[in-house]
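Protein sequences, first through last, are from chains B and U. When we follow our numbering, the leftmost residue of the first sequence carries the number 5, and every step to the right adds one. When we follow our numbering, the leftmost residue of the second sequence carries the number 5, and every step to the right adds one.
FYI, nobody ran anything at the bench for these hints, they're computed from the structure. Computed from a predicted model, the values in this text were never measured in an experiment. Do not take every clue at face value.
For identical chains, the list gives no copy identity; a pair is met inside one copy or between any two copies.
Said to hold, decoys possible - Derived pair list, reagent style DSS-like, types lysine-lysine, alpha-carbon separation capped at 30 angstroms: (1) Lys474 / Lys409; (2) Lys410 / Lys194; (3) Lys609 / Lys105; (4) Lys292 / Lys337; (5) Lys250 / Lys609; (6) Lys526 / Lys166; (7) Lys337 / Lys599; (8) Lys122 / Lys246; (9) Lys474 / Lys122; (10) Lys250 / Lys599; (11) Lys193 / Lys410; (12) Lys166 / Lys292; (13) Lys122 / Lys493.
Number of protein chains: 2
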Amino acid sequence: MVMGFIRRMAIVGSLASILAAIVTVHPAADEGMWTFDHPPTAAIQQRYGFTVTTDWLDHLRLSSVRFNDGGSGSFVSADGLVLTNHHVALGQLQKLSTEQKNYVSDGFAATSRSEEMKATDLELNVLMSYEEVTPRIVAATQRANAQAALDARRAEIAAIEKESLDRTGLRSDVVTLYQGAQYWLYRYKKYTDVRLVFAPEQQMAFFGGDPDNFTYPRYDLDFAIFRVYDNDVPVRPEHYLKWNAKGAAENELVFVTGHPGSTDRNDTVAELETLRDVISPFNIQVVKRRINVLRQFASGGTEQARQAAEITFSLENALKAYTGEYNGLLDQKIMNKKSADERALRDAVGRNPEWQKAYASAWDDIARAETANRRLYKLQRFAQIRGSGFAGIGLAIVRYVTEVKKPDGERLNGYHDAQLPSLQFSLLSPAPVYPALEEALFADSMQESLEELGPADPFVKAVLAGRSPKDAARAIIGGTKLADPAVRKQLIDGSETAVRQSTDPLIVMARAIDQILRDLNKRVESEVTSVESAARQKIGQARFAAFGTSVYPDATFTLRLSYGKATGYPMNGTLAPYKTTFAGLYDRSASFDGKPPFDLVPRFKEARSRIDLSTPLDFVTTNDIIGGNSGSPVVNRAGELVGLIFDGNIESLVGRFVYDDTTNRAVAVHSGAIVHVLRAVYGATALADELERPR
Amino acid sequence: MVMGFIRRMAIVGSLASILAAIVTVHPAADEGMWTFDHPPTAAIQQRYGFTVTTDWLDHLRLSSVRFNDGGSGSFVSADGLVLTNHHVALGQLQKLSTEQKNYVSDGFAATSRSEEMKATDLELNVLMSYEEVTPRIVAATQRANAQAALDARRAEIAAIEKESLDRTGLRSDVVTLYQGAQYWLYRYKKYTDVRLVFAPEQQMAFFGGDPDNFTYPRYDLDFAIFRVYDNDVPVRPEHYLKWNAKGAAENELVFVTGHPGSTDRNDTVAELETLRDVISPFNIQVVKRRINVLRQFASGGTEQARQAAEITFSLENALKAYTGEYNGLLDQKIMNKKSADERALRDAVGRNPEWQKAYASAWDDIARAETANRRLYKLQRFAQIRGSGFAGIGLAIVRYVTEVKKPDGERLNGYHDAQLPSLQFSLLSPAPVYPALEEALFADSMQESLEELGPADPFVKAVLAGRSPKDAARAIIGGTKLADPAVRKQLIDGSETAVRQSTDPLIVMARAIDQILRDLNKRVESEVTSVESAARQKIGQARFAAFGTSVYPDATFTLRLSYGKATGYPMNGTLAPYKTTFAGLYDRSASFDGKPPFDLVPRFKEARSRIDLSTPLDFVTTNDIIGGNSGSPVVNRAGELVGLIFDGNIESLVGRFVYDDTTNRAVAVHSGAIVHVLRAVYGATALADELERPR
């Protein structure tokens, strides 16, 4: 299952999120996550005979929605309905649930607008405009020293974002594309009153559970429906996608818009080797360990299981993805292809004296920085507040009150003026906190840090302060008052001194580690980030110089367009079909005698006679997607919605590094399946009518 | 799909059929194709708590049937019904069909005994007794010279078989087990009046066609039902399997009896390397080439397509199996395991001075012989009459009249007294011959021989006699009268002189190549077969000496018992269930929009509402099987029939060399599926009643 990319960034750590790369070869058939300023018009025309127009692109862009906590979606009705995946909505479903009412397991269906339930802390973005700001960044960053250049670039980016926010009132993000060969200013309309309209039971959304996750053939109803409000009134979006319940025919051209989180398609071989030898094994080790803790916690009772469910789901998903990616890195064929591509670009650079002078050193610069990265990675990896996210709130507050006093350009990333509204929205979220769960995760995280870094490590010493990891967790998580958003608000709104004098144990701990982590971060920046940042920019420019502009940038959780077709593929000795049907759902459940995770909720057992078993359920396409594309609409030439991306097949997990159209497939829920179950199973006729209403 | 092993032997050539080996390691869980004289009683008791008794074994053995053209089956009613696979019956269905009536595509259902249709040339065997004859063979073969020992052994085997046939009237075969460390005399009751009672449409038996072949999950009704007659009356077998329509529960212990054709589990590494470097690539090349010829022939019209269907099916099946086996040989992990196993046995031999003296040279002897084999293989491979089998009939007749005049012990293998009844049965078969198809296959085979061996090769010269392959094929196949069984009978019954003077072009050609092939065969025997035969015997004995008797011999198309359980397995990132249901059949068909080979015959479309979609259709077990096991019964502890083996999964194709219980699965039709469709789809109530009649 394709997940939001956020969880990957959180786990991989900040280094991975800035691991970037170069574009090395011309895209394969249907390859690419294209920016809207640079759509693959010629390729689509040539391969599919379809003419992409500006109006058509605008319609898709303005119908597309970013779920700011890591996912995609689209407007699908005149009254502001937004379609996304159940697993994108899962965090909000979990936050809305209580011991008494479990919307994750039981689903939710509003029978009137008054029953629509406001999501706890959900921010949606729609990309309104974009413009290139490369010249301004380049002009501001003409420094000889890499660290100085990095600092200057951050300051300039913060300035551009603030100017734009002040002028337009729109969320304004400067995006680094093509490894720093281009910078773009993206402006988003922001929605924070988003209400839950419908979610099926998780078991039907995630039928087949962890085993079927990231595989195909598949039988999942992984959808959820929200409605966006503004001033307590449903928004009436200028653009939304018309629902086409017929779906896509075999080999039909389809498009996906959405927000792929990150790819490493253009990493240098040196970077991939670090990923293979150091980062991936750590990822897998950490996630496995945490899943064990969660399983133990969940075995304590129904309520414990409910509390642990979402994060367990997310980590199991991550483990399967990491394992697939790691296998890709271990595959010598893939590494050989990467080496050959890199060699081809370096040779091209070498043949041109001007390019040679400007770009040739970049690969060796990165290789040198990777040596430092290998040395620093473990330190940086385990000197972090990890766990579920709650334990990091103290540090965010300590930094918030300090950073906001500095000139915008000098602040830590994440605390710039233009970033503050979204930061506050998440820091003040009223989402429930489960202390026992947080304590177990924090204790395990610190136990691991102790084992990996030793008791003499400054970070470990600062957190534990002579206590065992368990005792420290009990004292810190058990003693903090920060679970209450009002307490957090008080601290954020109060003075720096108030935070400095707080005796809340989470704040005390945060103060003790703040400088240690800043120093560590500075070291990584100076030895790795700044060097690689400059080198990547060169490689990105070399790529443009050598191969022209028919390339796409690595994914950056910004809006992208991909094209492809609905088609099966060779699988495990036979063929996977381009679609599945409801008959297959009942087959797979009966094949396992209905045992979890292949059980059906009672509603679906009872409804079997009302379901047309030959109705398509899921389908696959060649579209090039990755985590973050979850919830993306699949649209046809007419710009109508024919499906809902929710996963990639197991063969697509190497898609982080390389795309292969023979087996890489995106997996989507069929548009017809959604309205069919709304009518035949859930009796949600009004909702289905709203989705299918003619424009 | 697991096929009869005959086709493999035919294509691999005579060398492969005597490629044999040593048993190197203790069997893994559920591993092994065990002889009935040496069942794995202790392992079954220990792993499953089930006590195997002599009565229970006798019941299974006497209920089991060998299809002499390469398959297995079982008695399943008091009135002599025999259950096997549709694809085992396919050759007979093809022979019974005409341009007007196609029982392959349309199926067949006798509504009364008088409608039951006698199979053209089907011989069934039931194993009545077995006894070890090793001492007698060993005594007769004490010769210093390997070729002399081989000749003496053949003569002694022929003598034992003839004595037994004369004394008991039963078909008597001496079987070489454990690579010649043991010899056993097997006696079979023989049935040649076998009548077709029921066959579904091939599309339902082989739903999913070549893509789904050798894969799972699967949705095939690969069964056919014959009735055995004796003196025009149905036989009433003393033993037959009671039908249990409930099938096997998940993880239930089940047994398979049947006739696995051949395995290379105990090949030395030198032999496997020849297989990998020489034989497998040739197999794949030849089969691909022939399939192209068949496709071209079939494109000529409906009747041409009908004529070519069965052999095309068989070659596509072979190609998929060869490809899987070849991939296994190319898998360094498998080769490493084989090397380690061999090293372990050689080390054990080396540590015991007596064993060292008796056995140690064997591996180097084989390696030396394999060098000769690599040199001779191509010559031997392409100096053969190949094609569909018909073109070889001339040679069989020429040799028949010569060989039968010699003392039994001096004849070519296949022409011994004890073998003559079965040989005559097949030589005089009234099965239809399709001259245009035979001509196309023969021409292609000779074109290939010409390309591989060159125009100066004696075999090529003798066949072509200055003509092009096409012209030779037209003259020989177009001109022969041997398509008529009466003409064949006349020649066989006539004098050697009559055959020597015949001007039939197929006989003329056979005379021209007879001595060339005898000489070539002698060369292979002297340089390869005889050396390896002696060496293998030593390795087999070393294996017994080092590891005791808890081992099983390589498959030899003799009756074997395997045990295991019904259970799924990890597949392509997820889990394959232990069974499938009828819902899955409709899902898979609809998933491909009903396109061939995923189309349903009209009868199954109409019957959907009458079918209970949750009825199990196929299922998988850990039983260790291979081609030749097709049609084998799957039985439970009570000795009741719960399924019908028809295939292995794609992961089982390396089973020729190594068994791995984590992924190796046998695929079976569920007993409940068969009676359900007989009743609900075909209206064959009487037949279903007969199958389910209480004893």
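Worksheet item: What are the numbers of the hints that this structure violates, sorted from low to high?
Response: Going through the list in order, the structure violates hints 1, 7, 9, 12 and respects the others.
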